[in-house]
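Engineer: Going down the list, the sequences are from chains A and B.
The opening position of the first sequence corresponds to residue 113 in the numbering used here, with each subsequent residue numbered one higher.
The opening position of the second sequence corresponds to residue 3 in the numbering used here, with each subsequent residue numbered one higher.
Please note that the accuracy of each hint is not assured.
Pulled a few chain B residues facing chain A out of the computed Cβ check, cut under 8 Å [as the list claims (entries may be wrong)]:
hint : residue
1    : G93
2    : A127
3    : P130
4    : N132
5    : Q165
6    : L262
Honestly, the hints are just simulated from the structure, not real lab data.
Every residue, glycine too, gets a C-beta built ideally from N, C-alpha and C.
Here is how the chains run, residue by residue.
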Amino acid sequence: MYFTHTAAIVLRQFYLIRGSLSRVLPLFVWAGIDIVLWGFITKYLNTVTPSGNFVPSLLGAVLLWDFLIRVMQGVTMTFFEDVWSRNFLNIFATPLSISEYLSGLVLSSIATSSVGLVVMVVLATTVFGLSFFVYGLMLAPFFLVLFMCGIALGILGSAVVLRLGPPAEWFVWPIPAIISPFVGVFYPLSTLPRWMRYISHVLPPSYVFEGMRGIVSGNSISPHGLLWGTFLALLYILLACWFFTRVFRHAASKMSFSLAPLRVIRATTKATCRCGPITAITSSTEFPETRDAVSRLPTIRAAPSSIQPQANGW
Amino acid sequence: MFHKDRLIASAMKQSLGNSWVGYCVAMAANEQLHCKIPSMSKVLSVTQLCKTYGEIVAVDGISFDVGCNEIVGLLGPNGAGKTTTINMILGVLAPASGRICIEGVDIATHRSQVLQRTNFAAVYAPLPGNLTVQQNLRVFGLLYGVKNPTERIEALLQQFDLQKFRDVKCGVLSSGEQTRVSLAKAMLNSPQLLLLDEPTASLDPAIARDIRSKIRGFAAQGTGGVLWTSHNMYEVEEVCDRVLFLSRGRILLEGDPKTLPREHGRATLEELFISVAREPLTLEVE
């Protein structure tokens, strides 16, 4: 494994983020808005329930959950840059190995999620008075488990898009929202019906949020639960890497790297027939991948004739 | 000098140093013994390569070599299997069977090592349009493990007349400029094997001629070889030492592009190409 190969993926992401406000803002804006929104909700709840302090349990939970989402999106966004710029053929024809590529995604995610985390911590502590001393040393394993879980979900999402093509990114974005009811971000797992609790037990974040609520309420937390959560998160990373490798090999046997841009071209053609001129495609919401293609039209215009042989088969 | 002689010359130069006497002795010895080209002089060796998609046979057991200092043209109609073959050589498409060796090393078992010495440019694979020319070359320089990347990138920017586009995003360059950037990327690691899939397809005649001479220079100077696909028969005749005609996944013809048409009763390479595209079976019988 060569560090320079991994560094290339990180450098590419750095160049992209540095040169684009639309990539910089999402690193912290949504996380910041979440903290502000939930910060005021907790303040309000504190006023209507004088005996309770919702800041550490509710705002802390939002911060931790957002951290997981940022980590996952850090991985998937780095991967999607290759999807959107139709870069698979270029990048996978280099000496880069799958493990180096995935390491690059993870390192990029560490960098980008750190930005979001810093903004959330600053806002939560300075504006809403969240104190991390409440959680003590347990904060480190909490972040570790959520980080590992976010990495696993990010690699899984990337594999899904590699397998199903660019439109499948709409399967990836809702993954945290689908998981959140099961992991009990805002409520104890005992609130859930039995069948949902079975699912909760195999989701590592469940142990983090249960542990966090245990600490806040002054109860002792089970180290076994957190250890089990760490083990599960590690297992899921390995499984996600295995799945990505399987999908990669499948793509290599079916020429999917070359066909990925073709899918976009097909969508463009279809959209052109329906909508007419190029300006109509740009505003079309029916083909999100087409908008990406049109926004990069110079590269498509460059090679209309050469794409045709690919469309014909081999 | 025929391509084979050039190969032998290159190999002999390697084995006997650059002494002219040694080279002549070696050539004479080679003529007497009719020895085969040493395997080390082959940059690329493809053996019984097959690719199938279900029932469809895309590449049907082709075998060929590319030698040092040799430019081999891979010709054929659309759907003949050219791009599939190139993708398999690049390691992005797994063959159903067969073997691909670059400098004697099997890509199936030593992918990273082999791809370190290989590069490609294809008109359908432009570099990411959201990075500048220099940024793209830096990223790919790291991926290919280029030593002294700053100097190498400067040299390539100059060689391909890209200095003024250094900080311009690739996506806003014209197709010809993008092709030059792709070629600069393809030369980053001074590859032993250069794969070019229609490299001049979107270039005007003046720039295309310039690019052709650069690639000819690349093949002549180092010890690398080039596998080139093109639909421009004039270009193929001018550049390639040898051509392989591919049709329906099989190599139908192989030879010198200057003499091959006459050998098959056609006036030009273009006529021969059309015959291969329309009547491949006739040529197989011949």
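Engineer: The structure should be examined with respect to each hint, and the outcome stated for every one.
Structural biologist: Okay, the hints, checked on the actual structure:
{"no.": "1", "hint": "G93", "verdict": "7 Å, holds"}
{"no.": "2", "hint": "A127", "verdict": "4 Å, holds"}
{"no.": "3", "hint": "P130", "verdict": "4 Å, holds"}
{"no.": "4", "hint": "N132", "verdict": "6 Å, holds"}
{"no.": "5", "hint": "Q165", "verdict": "19 Å, violated"}
{"no.": "6", "hint": "L262", "verdict": "23 Å, violated"}
Violated hints, in rising order: 5 and 6; the structure is consistent with all others.
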